[in-house]
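Number of protein chains: 2
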Amino acid sequence: MARRIAERLWLPGALIPGEEVLAREFGAARATVNRALQELARAGLVERRRRAGTRVALHPVREARFVIPLVRQEIEARGAEYQYRLLSRGEAAPPEIVRARLGLEATASLVHVRCLHLADRVPYQFEDRWINPDVVAAAREADFAGVSPNEWLVEHAPFTDAEFTFRAAAASAEEAAVMQLREGEPVFVGERITWLGERPITLVRMVHPSSHRMVTRL
Amino acid sequence: MARRIAERLWLPGALIPGEEVLAREFGAARATVNRALQELARAGLVERRRRAGTRVALHPVREARFVIPLVRQEIEARGAEYQYRLLSRGEAAPPEIVRARLGLEATASLVHVRCLHLADRVPYQFEDRWINPDVVAAAREADFAGVSPNEWLVEHAPFTDAEFTFRAAAASAEEAAVMQLREGEPVFVGERITWLGERPITLVRMVHPSSHRMVTRL
DNA sequence: GAAATCAATTTGTATAGACATAACCATATC
DNA sequence: GATATGGTTATGTCTATACAAATTGATTTC
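So the protein sequences, as listed, match chains A and B. So that you can map any letter, position 182 of the first sequence is 182 in my numbering, and since no number is skipped, the others follow by simple counting. So that you can map any letter, position 82 of the second sequence is 300 in my numbering, and since no number is skipped, the others follow by simple counting.
Be aware that one or more of the hints could be misleading.
[As the list claims (entries may be wrong)] Derived Cβ-Cβ restraints for the label pairs, each shown as a range:
1. B:R400 - A:R35: 51 to 57 Å
2. B:A298 - A:A52: 26 to 32 Å
3. B:E243 - A:H156: 26 to 32 Å
4. B:R400 - A:F26: 44 to 50 Å
5. A:A36 - B:A298: 18 to 24 Å
Derived from the structure by calculation, the hints contain no laboratory data. Glycine included, every Cβ here is placed at the ideal spot set by N, Cα and C.
Build out the structure end to end from the sequences listed, making use of the hints.
What follows is the structure, given as structure tokens:
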């Protein structure tokens, strides 16, 4: 069926035969045709609606999927040597922008960790993280000297929801110093917020040098 | 089952009961349990292997999914006015870097289109595209004056494979001029290559000002 | 002791059948 | 003519059953 769409045997917008008809044609059970069509729908090739039938997507709103591994795995997968350096660790009232993004009270106090991940001794990612100790109490005791908060949280704080943001930005003076860049140089910034149910766990800002590439195939 | 994992009732790395046992426990058919577990596996929460069973993922390699809509839809979805401006259109031998990325012969000649997408009269995306007329012959006739190559290709050239790359870069002199930025200012660059089977269709470079954000929730 | 073989187990996938659910469409009602 | 009503139909999802495929672990063989 994917081939028929690619070869324009079934044109965009066209209604394709019903599951029962296709099942008979392909000599398969309707359940099997259903599974196949659901896969095509997930891939964005067709649009399905009850009673209305299945049609070839007019504007295939495809989606790209990016795996989000641990930094260490990401670095080691490239065959590079991984190093971790803790820059600072403390507890403080977060800046207004962080507080608001996490939807916290004005009185909230968060664990703040800044650290650096290196690949072959070159700065790869600068991590600036705020952790909510009301949800992850153990974060108050963790010293993050040996294990990065990234890995520590995977072990200690499961999450149910997450939001990712990616953008380009100019390196701040601090980021430039840490990453061995010039101030104002473009950097690739990822931001992630995770929740356990309704409660925010952590907000992390991950800064990469502009040589960084996020790639995916579909 | 997702709840059990989130609540650490089933710990990371632990082997969870077999499908048959779970089916009995939940009062469902094994096929249903199988579907549920396959969903959890796709979400990266568990890892499954035949005969070995299902275990809770140690390092939940989650994946983020970004929908890749048409620029116009993206802009209109924000409630902004969409405008399109064709900057140039021609046919030429591509620069070596483009040729190599597409895996083409040195003699290849490609259709080259440069255009601008605006949101509320502000430059939103600069599109620099190369199209392979050997695969999409109609591209030689299309003038791209009214419809952007982005939308034109969706209508005229189905693809089977695609590769997306995102990164931060410094605006070139040309990009800065077109996007009303200063040269060297950070820009968010997306690059997409699509293929029909083995044959490359198009390579597009999409440049956004640094205010652009790519967001997803999971 | 190492390698080959084999049975058991768990997931993967297919089947047929059933009912649920949503949406379209024609008809009836006001 | 506008609004309800209900039948029809395509997809959504579940059940029960069967067999395939992969991998483990024990056993046998050399």
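Could you work out which of the previously given hints the structure breaks and list their numbers from low to high? 4, 5
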